Amino acid sequence: MDKQEFLRLLEDALRGEQTEAEIRGHIQYYNAYIEEEMRKGKTEEQVTSALGDPRLIARTILEASGHRGGAGGETYYEAHEETQRQEQVKQAAGRLTERGRHWLRVAAVIGVVLLVLWFLAAVVSFLLPIVLPVAAVLFLLSYFRKR
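Heads up, the sequence shown is in full-length UniProt numbering, so the first residue is 1 and it goes up one at a time.
What the hints contain is simulated information worked out from the structure, not anything from laboratory work.
Among these hints, one or two may not hold up.
In silico BS3-like links for lysine-lysine, alpha-carbon gap of 27 Å or less [claimed, not checked]: (1) K146 to K90; (2) K40 to K90; (3) K3 to K40; (4) K90 to K42; (5) K146 to K3.
Label pairs and their computed distance ranges (CB to CB) [to be verified]: (6) N31 to T97: 25 to 33 Å; (7) E98 to Y33: 29 to 37 Å; (8) R147 to A107: 56 to 64 Å; (9) K42 to L104: 19 to 27 Å; (10) F139 to W103: 45 to 53 Å; (11) A107 to Y33: 51 to 59 Å; (12) G111 to I27: 47 to 55 Å; (13) T43 to L117: 30 to 38 Å.
Just so it is clear, the structure is predicted and the values come from calculations on it, not from any experiment.
Glycine is no exception: its CB is placed at the ideal position from the N, C-alpha and C atoms.
Take these sequences, add in the hints, and give me the full structure.
Here is the structure:
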C-alpha cells in the first residue's frame, strides 16, 4: 500500500471519533514518519507494511485517547486485525536486536576462550605425569654429576 492510501485509511478510521485538529495531527505525524523512513532508503510499501494496518493504528489511537467506537462486539475486521497484530508480535520476538547480537558475539568469544583453556588444561594434565618424573630424574642426574 502506498503512503496516500495508508493516510486516507487512517483518516477515514479516525473521522467521526476525533476532532479535525486531532486527526490532522495524527496524519501529519505518520506522513512525516513515512517521509523520514523513505529518506533512509526504504520504499513507501516497506514503511507502510512495517507500520501495519492503519485501521489497527486508528483503533489504538482511539483506545489510548479514551474513545471507544462501535457497540462493543468484536467484528470480523477487528478479529482479523488482532490476529495480524499477534503475528507481527511473534515475528518481532523472533528477531534479535542489535544489543542481542552484541551479547551473542560476546558469549561466542567467551565460549571459544573457555574451549581453548579447556584444551590446554587437558594437554597439561596428559603430559604432566610424564614430564614431572622425567624432569625429576634429569634434575637428580645433573645434581649428582656436579658432585
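Under the criterion that the straight-line Cα-Cα distance not exceed 27 Å, is the pair K146, K3 satisfied? 94 Å, violated
Supplied distance hint 51 to 59 Å, evaluated on CB atoms of A107 and Y33: Once the Cβ atoms are compared, 35 Å apart, the range 51 to 59 Å for Y33 and A107 is violated.
The hint says 30 to 38 Å between T43 and L117; measuring C-beta to C-beta, is that right? Violated: the Cβ-Cβ distance is about 49 Å, outside 30 to 38 Å.
Does K90 lie within 27 Å of K146 when you go C-alpha to C-alpha? Measuring from Cα to Cα gives roughly 78 Å; hence the hint is violated.
CB of R147 to CB of A107, is that within 56 to 64 Å? 58 Å, holds
E98 and Y33, beta-carbon distance inside 29 to 37 Å? 20 Å, violated
Do N31 and T97 keep their Cβ atoms within the hinted range of 25 to 33 Å? 27 Å, holds
Please work out if K40 and K90 have their alpha carbons no farther apart than 27 Å. 26 Å, holds
Taking the Cβ atom of K42 and the Cβ atom of L104, is their distance within the range 19 to 27 Å? The hint (19 to 27 Å, Cβ to Cβ) holds, given that K42 and L104 are roughly 26 Å apart.
Would you check the hint for K90 and K42, treating anything up to 27 Å between C-alpha atoms as holding? Holds: K90 and K42 sit about 23 Å apart, inside 27 Å.
Proposed proximity, K40 with K3 (alpha carbon, max 27 Å): 16 Å, holds
Indicate whether the distance between the beta carbons of F139 and W103 respects the range 45 to 53 Å. 49 Å Cβ-Cβ, so the 45 to 53 Å window holds.
In this structure, the hints that do not hold are numbers 1, 5, 7, 11 and 13, in rising order.
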